[in-house]
Structure formats: C-alpha cells, structure tokens
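4 protein chains.
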Amino acid sequence: MKENCSFGVLGGDGRQIAMAESIAADGFSVYAFGFEDVEFHEMIRKSELEEVIRHCESIILPLPVTSDGIHLKADYSKKQIVLDDNFAELLRDKQVFGGKMGRLFQTSRQWDRINTHDYSLREEFAVRNAVPTAEGAIEIAMREYPGTLNGSRCLVAGYGRIGKVLSRMLYGIGARVTVSARKQADLAWIRSCGYSGILTEQVGTGNYDMIFNTIPYPVFDRSVLTKMQCDPLIIDLASLPGGVDLQAAEELDLHVIHALALPGKVAPKAAGEIIKETIYHILKE
Amino acid sequence: MKENCSFGVLGGDGRQIAMAESIAADGFSVYAFGFEDVEFHEMIRKSELEEVIRHCESIILPLPVTSDGIHLKADYSKKQIVLDDNFAELLRDKQVFGGKMGRLFQTSRQWDRINTHDYSLREEFAVRNAVPTAEGAIEIAMREYPGTLNGSRCLVAGYGRIGKVLSRMLYGIGARVTVSARKQADLAWIRSCGYSGILTEQVGTGNYDMIFNTIPYPVFDRSVLTKMQCDPLIIDLASLPGGVDLQAAEELDLHVIHALALPGKVAPKAAGEIIKETIYHILKE
Amino acid sequence: MKENCSFGVLGGDGRQIAMAESIAADGFSVYAFGFEDVEFHEMIRKSELEEVIRHCESIILPLPVTSDGIHLKADYSKKQIVLDDNFAELLRDKQVFGGKMGRLFQTSRQWDRINTHDYSLREEFAVRNAVPTAEGAIEIAMREYPGTLNGSRCLVAGYGRIGKVLSRMLYGIGARVTVSARKQADLAWIRSCGYSGILTEQVGTGNYDMIFNTIPYPVFDRSVLTKMQCDPLIIDLASLPGGVDLQAAEELDLHVIHALALPGKVAPKAAGEIIKETIYHILKE
Amino acid sequence: MKENCSFGVLGGDGRQIAMAESIAADGFSVYAFGFEDVEFHEMIRKSELEEVIRHCESIILPLPVTSDGIHLKADYSKKQIVLDDNFAELLRDKQVFGGKMGRLFQTSRQWDRINTHDYSLREEFAVRNAVPTAEGAIEIAMREYPGTLNGSRCLVAGYGRIGKVLSRMLYGIGARVTVSARKQADLAWIRSCGYSGILTEQVGTGNYDMIFNTIPYPVFDRSVLTKMQCDPLIIDLASLPGGVDLQAAEELDLHVIHALALPGKVAPKAAGEIIKETIYHILKE
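Chains as they are written, first to last, in the numbering used here: chain A, 15 to 299; chain B, 15 to 299; chain C, 15 to 299; chain D, 15 to 299.
Source of the hints: derived by calculation from the structure; they are not laboratory data. Glycine included, every Cβ here is placed at the ideal spot set by N, Cα and C. There's no promise every hint is true.
What the hints assert, rightly or not - Using C-beta positions, here's what the derived DEER-type ranges look like:
(1) C:D51 <-> D:E265: 24 to 30 Å
(2) D:V96 <-> C:D51: 52 to 58 Å
(3) C:P232 <-> A:L297: 28 to 34 Å
(4) B:P160 <-> A:T240: 36 to 42 Å
(5) B:N100 <-> A:N221: 34 to 40 Å
(6) C:I84 <-> D:L266: 45 to 51 Å
(7) C:G41 <-> A:T219: 22 to 28 Å
(8) C:G41 <-> B:H69: 52 to 58 Å
(9) D:V96 <-> C:L254: 53 to 59 Å
The shape of chain A in the complex, shown without the other chains:
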C-alpha cells in the first residue's frame, strides 16, 4: 500500500461519508464526488467526476453500488450517474472497490477487463458487520420491549455470524439466552458458552420474551407461529424475504419487526470504518 495513495470516493450513503473521512484522517488524499450536500469534517476535496478520475488510482464505489441497476447510488447528490460503457471506460485503468458489485457488472462488458474488488464478499467484512447488526437488534429490542433485557428470555434462531455476536452480547447484558442450530457441533459450541441450545425444529416450543431470527428461510412459518404459547417480540434480522411469515404473524397479532441493513442505519461511522479497513487489507495483499 503506497503512502501517497489517492482515493476517489463516488456516491453512497452515510457509511461512504464516514469512510471517506476516516481515510482522510489517516493522511491520504481523498477526492469525493456525489456529496454536494455534505460538509465533511476532514480535509476532503469535493470534485467533479473527471477530476476524481484524474487524481486517483483507487476508486471506491458505494455499498451497494446501485439500487436500481441503472444509476450509481448517491444519497447525498441530486445528480444521476448512469452506469454504462462510458462510466466503465472512465474507470478502465483504476483499481475499483465496491460492495455488491454484481449488478454493476451487468451494465457494461468492459468490467471484465477492469481490476475490481468486491469487499462485501470478504469474510472479515461479513464478520465485522455482524457487530453493528447485533447492536442494532439490541437497540430495537430495548426500545420496543417494555421490560429489561437483563433477566429476559431471549431466543436467537441461528448460530451464524450474527447469531454468534448477538447471543454473546445478550448474555453479557444478563439475558437468559437460548440459541437454535441444526448441527450438534453448533449445539456443543452454544452450550460451552453458557447458553441453552435447541435444535432448529424446536424453535416453536419454549417461552420467550424476545425472538431474534437470523435464519434466511421461513423457519417461523404459520405452524410454528400458531403453536407459540408466549407472546414474544420478534425481531427478524434475516435478509428479504426474512424468516417470519408476516401475514400469519399479523393474523395471530404477533409483534414482528423486520430489521434490514442495520449497520448503515445504526452505526454509519463503524460501518464506514469496516469498509475502509477491508479495503486497506485488500491493498496490502
């Protein structure tokens, strides 16, 4: 990673702003395009797209690069940047970083020949994002649940990245934590941490004050929801369509919150740091 590296930051949301400021705070030159409405704290040069391209070897696109498949995501800009052959051509000789780049690649065949890095595919990125996701879930639980988490009975469905971080935090707050998993090896892990462990097919039994779902398939379907004896707050953290049958939940008068994209919402600064450090690690390799 060269010391005189210049980074061009194009569009995005609060995470991209935080990332840009953090890179600038590390002493690198940062040129930013797509942030007319933003007042940066750090020394960042707001520039036109061409200027960014002229000065920077490394270009950082947002996460996701595009929401509609056509334009660059740029929440803080009124300009619309079309993702097409011209855009790709501009970035031809650059090192291009971005998150969820799949739809970008469909906008031009040129991308095959450009040096791109999708940081959102890196394991470390996913692990680190589990932290703001878990904290976001806890914040929602604290706001919505009328009791205290301390002493409450919490079920965490799924023991992947988010399940691991979330169950640890809930335990640290003093909740009584049950975690579900499919494999005996995971149950062994779960129990070694002091939590209760149950098989995924048992999520419908037991009494819980709160249920945090992290499993991205319909575990909490109508039959499971129907046989629940308690009246838990359900926070669904699984990406769309989520793991809870929302219609059945509504009919059964269950309180379900589908919480998506928490890192960017609850901790943009942390989320920006995570992107920055993942990019640094890629540059060092």
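Dock chains B, C and D against the given chain A, drawing on the hints supplied.
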C-alpha cells in the same frame, strides 16, 4: 402475606399500570382508581376512590406520590385528587405503600398515625432499578453514537449501583470499559472485573468515545470539560442538577444528554414488576 | 435408538468407565469386559468377552482403541486382548464404536465389512473436548503461575476450537487476553469478543505472563523464543511434536509445559459423557 | 512517599519474599532480615536486624506478624526473634507495617506509642485478596471434580467479597451459578449478574455438583447436609472453624475440602504485590 389480599392502586404512570396488571396476574383482586383512559389487559376493577377504600386493605400510591406537592400524580386521569386531611383520613386504617412519600407527609399531620411504607427507600428497590437505568443508558448510547459500543472506549464515572450494573453490561457488549471511583477498595473491585480503574480526579484525562456520569455532583465542571482532548458523547445519569456543567459543555460544543427517570420511560413493565416485588417482600416481613 | 439396547464396553481408561456408568444410569444394560480392578457405581455386568458379544448389539471400544497397534487398550485389566482376525470375527455383526480406529483397521481385513463408527472424527466430539482441554490448561496455569490469572497478560496462540474456548474462559476469569490468528476474519472475531488480536507472525512480540499454544506446528521456534522480552510460562496444548522448540526453550531457561490428552486426565467424567452423547447422536441418525 | 525511601523487611513467608522483590524492582532500597535460605532475584540486602533498623524508616512485618504470639513468623529463617519490649524498643521511631497485628500489640506496652499500620484491616486489601482466594478455589475444584466446571451446577454460599469474585469467575468459565444471600438487595445484585439467587436458608435444597462456602458460621450443619439430595464436592473457604459440620459430612460420606489461606499458597507473587500496593497507598495518604 394473605392469599385473599385486595390491592387498591391509585394513580401514577405506566409503571403503576404494569404493577397493577402484574398483581392481578398473580391472582389477587385489584381495584384501580385514576386510570379512566387505560384499558387493562388483566382482570382489574376500575373503581371510584371510595369503592377502592371499601374493598382493599393495601393501598398503593404512585412513585412519586405527588409531583407538585398538592395533587396525587395521576397521568392517566383527568380528575385531580387533592392530598389533604380528607385524603389521609380515608386511608387511616390501611396499609399504605408509595414511592418518595416525603412530600405526602407534609400534606396532613394524620400521616404520623398511618401505617406507611416507602418502597423507594429500600435497598433492593434501588439495586433493581439500576438495571433498567443502565439499559436505558445503553439504548441512548446506541442511538446517539455513530460507531458501535463494541470496541469503543467508555468511561463510567462512579461505581455505585448504576455504575456497577452499567459497566458490567458495557463490558458484556465488548466495550473497553474504564470506571472511576474515589476509594482504592472500589478500584480493586473495578480491576478485578477486567475494567480499567481510575481515580475520580482523573476523569478529565484519557480519551473516551462515551462518558456515562453517575455521580450526583459537578465532577464534569468547566475545568474538566475544557481539558478534554477527545470529543465524547456524554450521558449524564445523575439526578438533578446532574454532574455536568451544561453551560460550559454547550460553549465547548460537547454533546451532553441528561437522562432522567429512565426506568419508567424505557422499561415500564420491568419498573412495575420491581415495585410489586418490593411490596410483596415488605408484606412478607 | 431402541429402548432395550444393550451396550458392550471393552477396555479403555477412566473415560470408558465414566461412559459405561453414565450409559447404565440412563437405564440401558451394560456389559463390561476388561475392568477386573474396577468397582462400578452403577449396575454394570462385568463379563467375559464372549458373554458381552452374546448379549450386546452395540460394542464400544476405547479411545484410542489401541496404543501399540497390537493389543486393545485396557488400563484396568491384566488380560491382553490381541487385535487380529479372530477379534474382528467376533464383532462381525455388531455396531462397533471406537475412537482413533485407524490402527485397528490395519489389524484385520475383516474390518472393511463391519459396521464401525469412529466417534473421535465427529465435529461435535472435537468441540466438546475443547472444554475439558481448556479447563485443564487453566488448572495448570493456576498451579504453576505464582500470580493470579485475573489481571495477567495471556497470549492464546491459535483460534481453533481450543483457542476459542480457552480465550473465552480466560477472559471470564479477568485475564487480559490476546489471541493470535492468521486470517483477518479470525482477527475480526477475536476483537469482537473484547480480546486483542494479533497476526500469528507477531507472537514473538509483546509482553505476556503466560502463553498458551494451540497451533500444531513449530510457531515458537528458536528465533521467536530468543527475541521474547518477557519470561512467560508457556503451556503447549498442541499434539505431538507440539508448537514449541523444547531444546531452544531449555537453553533460554524458559518454563514450558507440554500438556497432552487433558480431557481424560483432568475430567474423565466429562470426557466419558462426551463419548456417550456422541454415540447416542450417531445411533439416532 | 519519598523517593529515597528504604524498606526493612522482617520475616514471613513466600508473600513477604515476593513483596520484597517487588519493592526492590520499583527502585527502592530493601534490607531483609530472616531469609537466610532465600536467594532473591532482585537487589535486596540481606542484613542483621540491627543493620535493617539503622538504614530503614519503614519496617514491614509479616502477615500474620506472629503465629504463636511469642515469636516473629519467619518461615525462611532458623533464628527465633522474640516479640518483647526489646523488639518494640528497636522499632520505636519507625513506621511499622504488618498484617494481623493484634497479637503483636499484646507483647509490649510500647506499641501504643509506635506508628503502626495494619494493612490487613484495609478494605482494598481484603477485596484484592478475594481474587487469589477465588482462583485457589477454582483450582481445587478443577483438580478434584471429575467433570468440567463449564456446564456444572455450582452453589456459592454467601455474597461477600469472595462470593462476588468467585461467582463472577465461575460464570465466566461457563458454570451454571447459584448464589445464596440473606438480603433481598443482595439477591437483586445476584440476579442482575445472570446468576440464580436463593436465600441462605435454602442452601440445602437444589442439586449442585459443587458447593463453595464463604460464610463463616455453620450454615452447612448436620440437618442441611442430611437432606442434600445430590453428592456435591464441598469446598469450604470460610476461616476456622469454617461453615461445614465436618463430622456430619464424614458420616454422610460427603467430600469436603477446607481451604484456608489460599492467597499465600496459590499465588504468593500476587499476594506479595497486594501487600506492597496497600502499603504504598498508606504511605501516600
């Protein structure tokens, strides 16, 4: 504690509602006055004051009993109950529970002869309320701080009840916790828990992302605030007037949140449970 | 798993005894061979080998099945059972369980046709054994280290199963925990838990009171040991030949303890339970 | 605390040795008497008593100062120092530190006029010693209990200093922790930490794998021991005569270990540090 006990619940806020419902769920008769606008979940008899008095031996006044020193606190009623000799006379032969009863006692000399119990003076009550207070503080921190608490540098000023519970929870979430105290014995406790310990006079040194003050005197005065090198989020949990010089903080552009009466706000159900159980323990003695 | 299952337990060490008793306590018939010197607490039929074979469908061999490749491991028996075609022939129609069965299979070609299950290869078995291993390491550290673990600086080299469980326990005791790993994703996990994370190549830097090695290759070679500035207690948990250059350590006057096969030594009852439950899970599949 | 302070260290056990070395490592002059058999690591002047007195203003006696009430405790010396008027006369103008000084004061009326400090009476000293005591208890439990502490059911009787530290460590290792106390406020603390809380009179009920007693009166008397349904390992940490009826326990075939004076035994270095730092704090006041 007799099994056929009848409880009269008079006025108050969400905690009093939750408490009434929890007592009813335990199988006791509950008569409630001062809740015209409330739809209770449990079997609770909404009644006129006289009816409550006629049926109940134990009367539970709210916390605080009065906000203005003249009327009974009753957030869910349009009626105004004056606290005077007549009111005291009504409760003469009852067992009367309440929180922060001091100002009530000034409204009539009759109170000297009435069997009263201020549950808010009990140690167990204060300890248990530290839990919703700490969770309320964490919820605020999660909402206001743009990073994650996990990995952040948190200072908890003061190692009393709230300081103890809060530092444990922050540590459990994965924050880097420093706690201040005045006594070496407290520093020994603090360090045995894995936190860093500093003397109270050192709170102005060190770099923190968040500061939680629990000390009810002006520790964070102008001189301390001025020499701070970092730009922390400050959450003041100390009762009025708090421990932070707000004017100095404003001039120095520091972000201070004075969070008061958190249990009733963030966890009315938990706070109601705490009141109920404290009363039960008094009745059993 | 049939309710009237009969288990034959052949030879082994304290774990096998604990396992046999635990199976009997669950209500199953247990026939044991190779335990002349043992007085079982539970109802267990000590029998000759032929009797065991006659009564039992499931036969449980020890862990490891053999130490010398020729005889059945049987610490509590004076008889020597040769592992050969005759032995295999005896077990031909049985369901045979055992640990580290590789060398057994070399004693007779018959084993190809026998229904065998090596429980020591199951992930859940390995995970669960990390718990007694970590506790054994902590017991050694408490015995050998003249200070307290609380507040001490501990390095855990490697973040596999043992590293994960051990670092969590050390942290729970209040040690200052640093963990090394090779991958950024593991460092992200490590830091999310509140530990310090370092890359494996950095294990020679930093000051530690204790070092727990879990990496089964020579990480602590002469060059690493030589540049250590502190004088740590080193506990090597990696299987033979371990991860520490013992000769270099001796020349440098470093205190190294190579701790092997801890589960059977420090917690035979727990180790026996783990074997039993793994076998039960296999039977249920 | 003067920079050129000289400390005289007289007699004692391993803690006193560790303390002397730690003081010397801080750069102070240390004169030691009563350690003929000891080879100190740090620069310490082994001296005759008179020489110590001549050079040092601060004299540190051991903990306890005397075991028999007549002689100075000096485990590493063959000389017997009689505690009498002559001894007191020698120390007349010194600042004298020591632990459990009560019996020393009975050896001469001169002590009334000498500047003495019994560090063992300081709260911080007691708090810090709870740490090696708790670790010593855990080491014993790990050695004696054939299962793992992780997942085991542990009762900690009493929620004083040792109870607090011990329950936290057991919880951190992953045990299922129940703590007994007499007061509701303590039960509130206990539950806020995620442990189960019971009243002291309930210690005889419930099933435990291990019981740690910290209460210095006979809580585990014959009637409590008799009605126990489980067969726990009992570790009694209370000072003599302890909290367990040993004769009844023996008749009932219960395994009881009375563990006394753990800090000096399991962690002399830590115990020496604690003494040193308490003395430093006294000197700074």
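Assuming the hint says 28 to 34 Å, is it satisfied by the Cβ distance from P232 (chain C) to L297 (chain A) or not? 31 Å, holds
Please test the hint of 52 to 58 Å on the beta carbon pair from G41 (chain C) and H69 (chain B). With a Cβ separation near 55 Å, G41 (chain C) and H69 (chain B) satisfy 52 to 58 Å, so the hint holds.
Cβ distance range 36 to 42 Å for P160 (chain B) and T240 (chain A), holds or violated: 41 Å, holds
Take the C-beta atom of V96 (chain D) and the C-beta atom of D51 (chain C), compute their distance, and say whether it sits inside 52 to 58 Å. With a Cβ separation near 56 Å, V96 (chain D) and D51 (chain C) satisfy 52 to 58 Å, so the hint holds.
Taking 34 to 40 Å as the stated bounds, is the beta-carbon spacing between N100 (chain B) and N221 (chain A) within them? With a Cβ separation near 47 Å, N100 (chain B) and N221 (chain A) fall outside 34 to 40 Å, so the hint is violated.
Please test the hint of 22 to 28 Å on the beta carbon pair from G41 (chain C) and T219 (chain A). 24 Å, holds
V96 (chain D) versus L254 (chain C) beta-carbon gap, inside 53 to 59 Å or not: Given a distance of about 57 Å, which is inside 53 to 59 Å, the answer is holds.
Can you let me know if the beta-carbon spacing of I84 (chain C) and L266 (chain D) is within 45 to 51 Å? Holds: the Cβ-Cβ distance is about 47 Å, inside 45 to 51 Å.
Can you let me know if the beta-carbon spacing of D51 (chain C) and E265 (chain D) is within 24 to 30 Å? With a Cβ separation near 28 Å, D51 (chain C) and E265 (chain D) satisfy 24 to 30 Å, so the hint holds.
Checked against the numbered hints above, the structure violates only hint 5.
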